[in-house]
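A.B. asks: Protein sequences appear in the order of chains A, B, C and D. Numbering-wise, my numbering comes out as the position in the first sequence, counting from 1, plus 398. Numbering-wise, my numbering comes out as the position in the second sequence, counting from 1, plus 926. Numbering-wise, my numbering comes out as the position in the third sequence, counting from 1, plus 1207. Numbering-wise, my numbering comes out as the position in the fourth sequence, counting from 1, plus 637.
One thing to keep in mind: the hints can contain errors.
Keeping only pairs whose Cα atoms sit at most 30 angstroms apart, straight-line, the calculated BS3-like set for lysine-lysine is [what the hints assert, rightly or not]: (1) B:K1088 - B:K967; (2) B:K1077 - A:K479; (3) B:K1114 - B:K1088; (4) B:K1033 - A:K479; (5) B:K1196 - B:K1114; (6) B:K1033 - B:K1005; (7) B:K976 - B:K963; (8) B:K1088 - B:K1196; (9) B:K1114 - B:K1033; (10) B:K1077 - B:K963; (11) B:K1005 - A:K479; (12) A:K479 - B:K1114.
These stretches of chain A come out as covered by chain B in the derived footprint (C-beta under 8 angstroms, 3 or more residues) [stated by the list, open to error]: (13) 407-418; (14) 431-440.
Keep in mind the hints are simulated off the structure, nothing from the lab. Idealized CB from N, CA, C, for every residue including glycine.
Below, each chain spelled out in residue letters.
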Amino acid sequence: MGAFITTPRHGIQLALFVLGSVLAFALAMAAMHALPTRYRRWITVLFTFVAGLFYLAEFVIPAGVGVPAGSSRATDNFLSKYLDPVGNASAIIFAVAVGMGILNLARVNGAPLLRGRPGWQNSLAFFAGLIAMTVVGLTRWHAMLGATTPAARRAVEAALVGRLYHLLFDGFYSNLGGTVFALLAFYIVSASYRAFRLRSREATLMMVTAFIVMLGNVPVGPTYLTGWIPEGHWFSFAKVEHVSDWIMSVPNMAAQRALIFGIMMGVIAMSLRVWLSLERGHFFGQED
Amino acid sequence: MLQDRTRHVLYLLLAAAIALPFFTGTVIPPTVGPEAKALYKAVEAVPNNKIVILSLEYEAGTLGENLPQTRALMNHLMKSGKRFAIMGFEPIGPVYGQIEADELAAKWHRPYGKYWVNWGYRTAYVQTLKAMAKDVAAAIRTDHRGVPLSKLPVMRGIHSPKDVGLVIDITPSTYYEAWMAFFTGPAKVKMAVAPTAVMVSDIFPYLDSGQMVGMLKGLAGAAQYEALVFGRTSRERGITWMTSVSMTHILIIALIILGNATEIITRRRKAVGGTA
Amino acid sequence: MEHCTLAVGILEALVSALILYKIASARRGRSLFIRRIPGLAAIDEAVGRATEMGRPILFSPGMDPLSIVTLQALAVAGYVARTAARYNTRLIVPVRDPAIYPIAEEILREAYAAEGRPELFDPEDIRFLSDRQFAYASGCVGIMNRERVAANFFFGYFYAESLILGEAGTQVGALQVAGTPATTQLPFFIVSCDYTIMAEEFYAATAYLTREPVLLGSLVGQDWAKVGLVVLIGVGAALATVLGPASSVLRLMLTQFGGG
Amino acid sequence: MSDVWTTITVLAGAVSTLAIFSLLYRENPVYRFFEYLFIGLAAGYGLVLTWSDVLYTMWYIPVFQQGAWWWMLAFAAGLLYYTIYIRKLAWMSRLLIGTMMGLSAGAAFQQVATQYAPQIAASFRPLLPPTWLGVAVRGDSPNLTWQQLVNNWVVLAILVSVMAYFFFSFEHRSAVMRKTANLGRWMLMISFGAIFGQTVMARMALAVSRLWFLLVDQRGLAGPGG
């Protein structure tokens, strides 16, 4: 049976197997759908549990268990050979899911456009960007597929589709995206003068540390502020970059490690709640 | 709204602080920190029969930091003829990686497919990393144009994680944690990270425990690495920009002190005014 | 480690058992103790002083769409609403995701009713501003200025716009209390707010307020697990000191925990 | 690229950069128009790359060129996401989401072992020089320098005090407990100072790259890297 499933098919047989598999999948889902609604929650809980159990068991079961000696890899157990197919299947599933994000954006931006509500020009800009980049991107990809030599690739770049792609990507996309975050530098400058107050001794300790780290990060600190202290001199620990390095790798490291241990316990708690579906439907919306 | 006048003056001050070094042309050479030096040594130590993986998870938003890091690392890899592969768990990172690598490949004469390969964007990062931890070539299968890896000379002899000499994650987010948890941790592969500066503090515990062998601290890290590859007086992108960043830091420290000083003075004047 | 070592297996099993036990006992109704974190006192004080000035309060539930963190932030909003209702002070809640609107309305309506002032609740005060990061932040700044708010509360997950909110509040002279698990934004809240609830304190504050069994049980379980971890580290450091780095026992412990 | 197209691309870059910077002056329709254009471009390119790098290489080629028909099942499973729009079938999308979250939850137990557990091992550091206790010292683990000793004490003290600050299930009644937790909050301020300093550098670097593009160098990649 195994060999029958895993032998590649071609031509008509391929078409039959493809359609057949989709049909079988649809029938399985229809069968589950026909069950009384309260079983659906149990099916979801069961699938979630089995999926989690697979990775947990593969990790916990020692190497060599259930695997004939000297076979594929010394560190495998009988579940390890399924890591690759699960990886590929998940990649395909997540890729198919990307369309959801696009649909949501299209829905949010479609409404103002159709009803002519204020801001319809912005929705127009959204769809223009979406359609232009998708069409130009796919056309260029298809052309590049055929271009195997660097010369052929340069020809595609020189063609209209290459030029439009660079206009959309290098011209608009990279500059728009790059500038949005650059705004924050300006907001920090105005906040520095008007909002960052040393309200408490705690805030003062924080700000003093911030100054040392800032001066240690940029060349002007080590070069001019404490450049006069020779390296290797007993007093060289006071060089701003050494003080900054010590702050980062000792007190900061210890505090971050403590936060990590908190996160570690949080990850275990959250994984248990998701794996065993302990969340009382609050997060998943309604209880069905 | 928000006393616009003061806000706009502060913005112009920042623009001036940044632009000044552009025109005076002054460049203050960087001081190379321990983390950048450690990463440089780790790259040098990669044997020729192993491959380096550059995982690029950044997009347009953080080009200012992640692109100079990518450039500095690729210059070093191509200069010393090390084999490397580009990939990413965000769609557009590998595109920028391809652009930079194409340009540098011409400069260092390292043709695609022979010295470096682009595996492209991959979804489902947890599942993909766990599959790679078992067999890298089987999990990746093709380059970003669908060419089977078996056809590319750069991939000859690269199958299991043991054939990966070093993983460097250039990222504005926490993908380096997934790399450590599902690939470099389990398969005992050396790992380094080139994050945006925002995340630098979180990474020090992993440098201390040896889970990370090096780090580039944002743009400062890129400048320090350029100094290691090209020398402290070179005019590479990172080193040039860091001079402007120095000016902005002096401005910010001055403004915070000034802001607090003016507040203390006004509060004291009000208190004196109150009692008089 | 390709596969789990014995020591880490035992550690994870113990922690999991402890957390599941605490969740089960919380669900059976046993009251689990959580101390009242100082941040909650700061909230009461801020609401109190806002009522003296007779000006409205702004509460932002953060930037995330409907997530566990946002739901917990809305629980804090309910707490603030109860205190505001008692002192007849207006509470404005700008949201960034339309899906949050109905849940926020339900929580606030219940809060006002619980204080016996259902007529005070005005649905108009829950406002969807924009789903864009900076547009939402400048929308909040607009409300702070137009309504001359006396107090700001920033609870939930925040990103780089925390800077804009903190600055605008300082300019308007509002009292500000922030609470977020986003450690990268805490520095900006610390210097622009009067009190900041940090990292895991956010979860403790909401567990204290909601008494929700799964939340409460997992938090108490994690607490005890961390106490156990501190003991383990103490033992480890003592052994490293007494036996010295060269000893095989210490080397075994290090490899068992995936150490160098 | 002939210079006509380069100039157009550079102009587009300059207009885009100035349109976004216009927000610094005031919220305005030009800023919003270009922000929505960016969202559309980003979504479009995400779609193209999801097809070209993932679906084409891991689904289309294997199924339709190599005959591995079984990957069609993964594609069909992915379609379950879209049942969220059909009220009656919406539970199927939760089935898929639940399964995927189950996988991640199961993997999290390995993450604890391979990412977090080594941090426990890294905390087992000696607090006294081995030679004081007459402990064997081997070549690869020489005696402790006083610098390492001080650091080990400081790290352990800060680690325990910060963890104490985040204990919630018992009252900080005893003075020792209260002082330790208070020390923990103070030590966190050092970490937040470090985060503040690093974040300032991160934002400044982005502004520098943008002004460099506007004022100095539009050549090469019309974008900022070039």
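A.B. asks: Of the hints given before, which are not true for this structure?
C.D. replies: 4, 5, 8, 9, 10, 11, 13 and 14
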